[in-house]
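K.L.:
Now for the letters of each chain:
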Amino acid sequence: MSLGVGWKVAVLFLLALALAQGEVDPREEAKRQKQLLLETAGILPTELIVEQGKELFNRKGPKGKTMAECDFGLGKGVLDGAAARLPRYFLDTGRVEDLDSRILTCMTRVQGYKPEQIKRQEVVAIAFYVASFSTGKPIQVRLLFPQERELYALGEKLFYARSGARDLGCATCHISFVGRRAGVLPYADVLGKDQSWTHWPAYRYSNDQTWTMQDRIRACYGNIGHPQPAHYSLPILALELFMAYQNNGAVVEEWPAFVR
Amino acid sequence: MKVKKLLPILLATPLVVALAQSYFAPSELELIKTGGKAYAEVFLNQRQDQALCSLYHNRLPADLLPKFLEEQRALIKYPADGKLMGDWRKGGAIFNNLQKANCFSCHFGSPVHLGGDVGPSLEKYGLKRGQSEAVQRYTYEVVYNAWAYFPCTVMYRFGAQGLLTPEEIADVVAYLLDPESEFNTKPAVGSK
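For the record, the sequence lines run as chains C and Z. Numbering of the first sequence is given in our numbering, commencing with residue 3 and proceeding in unit increments. Numbering of the second sequence is given in our numbering, commencing with residue 3 and proceeding in unit increments.
For the record, the hints were derived by calculation from the structure and aren't laboratory data. All residues carry an ideal CB built from backbone N, CA and C; glycine is no exception. Heads up, a few of these hints could be off.
As the list claims (entries may be wrong) - Which bits of chain Z does chain C cover? Going by a derived footprint, with three or more residues having C-beta under 8 Å, they are:
{"#": "1", "segment": "23 to 34"}
{"#": "2", "segment": "114 to 126"}
{"#": "3", "segment": "172 to 182"}
To be verified - DEER-style ranges, computed between Cβ atoms:
{"#": "4", "chain 1": "Z", "residue 1": "K102", "chain 2": "C", "residue 2": "A221", "range": "43 to 53 Å"}
{"#": "5", "chain 1": "Z", "residue 1": "P63", "chain 2": "C", "residue 2": "G181", "range": "54 to 64 Å"}
{"#": "6", "chain 1": "C", "residue 1": "K62", "chain 2": "Z", "residue 2": "Q50", "range": "28 to 38 Å"}
{"#": "7", "chain 1": "Z", "residue 1": "S29", "chain 2": "C", "residue 2": "Q123", "range": "29 to 39 Å"}
{"#": "8", "chain 1": "C", "residue 1": "N60", "chain 2": "Z", "residue 2": "P189", "range": "55 to 65 Å"}
{"#": "9", "chain 1": "C", "residue 1": "P117", "chain 2": "Z", "residue 2": "S29", "range": "20 to 30 Å"}
{"#": "10", "chain 1": "Z", "residue 1": "L100", "chain 2": "C", "residue 2": "K33", "range": "46 to 56 Å"}
{"#": "11", "chain 1": "C", "residue 1": "K62", "chain 2": "Z", "residue 2": "S24", "range": "32 to 42 Å"}
{"#": "12", "chain 1": "C", "residue 1": "L46", "chain 2": "Z", "residue 2": "K130", "range": "17 to 27 Å"}
{"#": "13", "chain 1": "C", "residue 1": "R29", "chain 2": "Z", "residue 2": "V191", "range": "47 to 57 Å"}
{"#": "14", "chain 1": "Z", "residue 1": "V191", "chain 2": "C", "residue 2": "G224", "range": "48 to 58 Å"}
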């Protein structure tokens, strides 16, 4: 009898705890979970993916070259701070590229892989590895080339666009309802104080996902029942450039990040 | 001669008007097309009212409001039988379904799911407001087309965008208003 009551009390306590956790700042909760994982497993999923990315980075492609032969914007093989300066325009391709696209370019043009041979999970792992060299670096994105300015302008318009059957767009929530919540998580101030651009690429512990900003943007569209832009497409790059530029000067706390 | 000079102007006029009302330039739509067919179509088919809300970042200038509200009001259709309150049980299944109307994600008050705080709290909606014809009509119309009352608001235009039928909207109205409805008889999840 008393056992039954005790069990009920325990369940109620856990429920109350779960509800209370809904009120906790998701960033604080992520820090707590990260610490717990470190204490129990001794290693973080982010570290494992970075190691995987390192192996892929140093793997020789069909042309016999590793990715150390690639230029991520600061010269061949220079990774220190390179990811914090993306997206940017590259003279060799004549295109604006972000981390994901530049990895793709590197694998196809320098290493000689065919586009259909490139697995998304490999690109993500390499993105985790390359980004890891930008921890502690400030975001420095410029609008120097006309192509950069053109995509920035498109990104801004897409950010404020209302479209689809649900009339939604990024700004509908991330400007008008910052801090409020639909579901569990409060809407991040992605252009302002939350510096959301510096949170990706990241590992999401709540559903065991490894995502770059491209995946995050696609998920956002998916959540609002809106068709998603294809990976590596210009609308994604445009939104990224717009957000990155708004986050200029923000220091990357940790790449890859560990988020809820 | 005169007609020849006028013709290009006459032909160009509707084009100029159309361009002035579109949000994305044709060159921008070309860039958007790289996102894929389904993604691009949403922007190629962007509605006139969506374009206005986009262009003005959801705060329409005062001089555009009367026409905008009138157009939104004109989109509202009513159930064939004229009843604005349907079956509250069916309405509950719509209100509390994430894939369907997803009302609880933004509004507090559901006895089934913990509500969000993007929209106003609807806790004990019917008990607080009664079931007068005016309240029924207001509730129905806001669910059918929120933009007829709150231009460019985040709330979905359930009827105007074809997300719910008039009958389904009447069911949701009943869920909110009917004193017998669990929405009004059971405590909201998270209620203090």
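K.L.:
State for each hint whether it applies.
P.N.:
Cross-check of the supplied hints:
{"no.": "1", "hint": "23 to 34", "in the structure": "holds (count 5)"}
{"no.": "2", "hint": "114 to 126", "in the structure": "holds (count 4)"}
{"no.": "3", "hint": "172 to 182", "in the structure": "violated (count 0)"}
{"no.": "4", "hint": "Z:K102 <-> C:A221: 43 to 53 Å", "in the structure": "21 Å, violated"}
{"no.": "5", "hint": "Z:P63 <-> C:G181: 54 to 64 Å", "in the structure": "27 Å, violated"}
{"no.": "6", "hint": "C:K62 <-> Z:Q50: 28 to 38 Å", "in the structure": "55 Å, violated"}
{"no.": "7", "hint": "Z:S29 <-> C:Q123: 29 to 39 Å", "in the structure": "35 Å, holds"}
{"no.": "8", "hint": "C:N60 <-> Z:P189: 55 to 65 Å", "in the structure": "60 Å, holds"}
{"no.": "9", "hint": "C:P117 <-> Z:S29: 20 to 30 Å", "in the structure": "26 Å, holds"}
{"no.": "10", "hint": "Z:L100 <-> C:K33: 46 to 56 Å", "in the structure": "29 Å, violated"}
{"no.": "11", "hint": "C:K62 <-> Z:S24: 32 to 42 Å", "in the structure": "50 Å, violated"}
{"no.": "12", "hint": "C:L46 <-> Z:K130: 17 to 27 Å", "in the structure": "49 Å, violated"}
{"no.": "13", "hint": "C:R29 <-> Z:V191: 47 to 57 Å", "in the structure": "25 Å, violated"}
{"no.": "14", "hint": "Z:V191 <-> C:G224: 48 to 58 Å", "in the structure": "25 Å, violated"}
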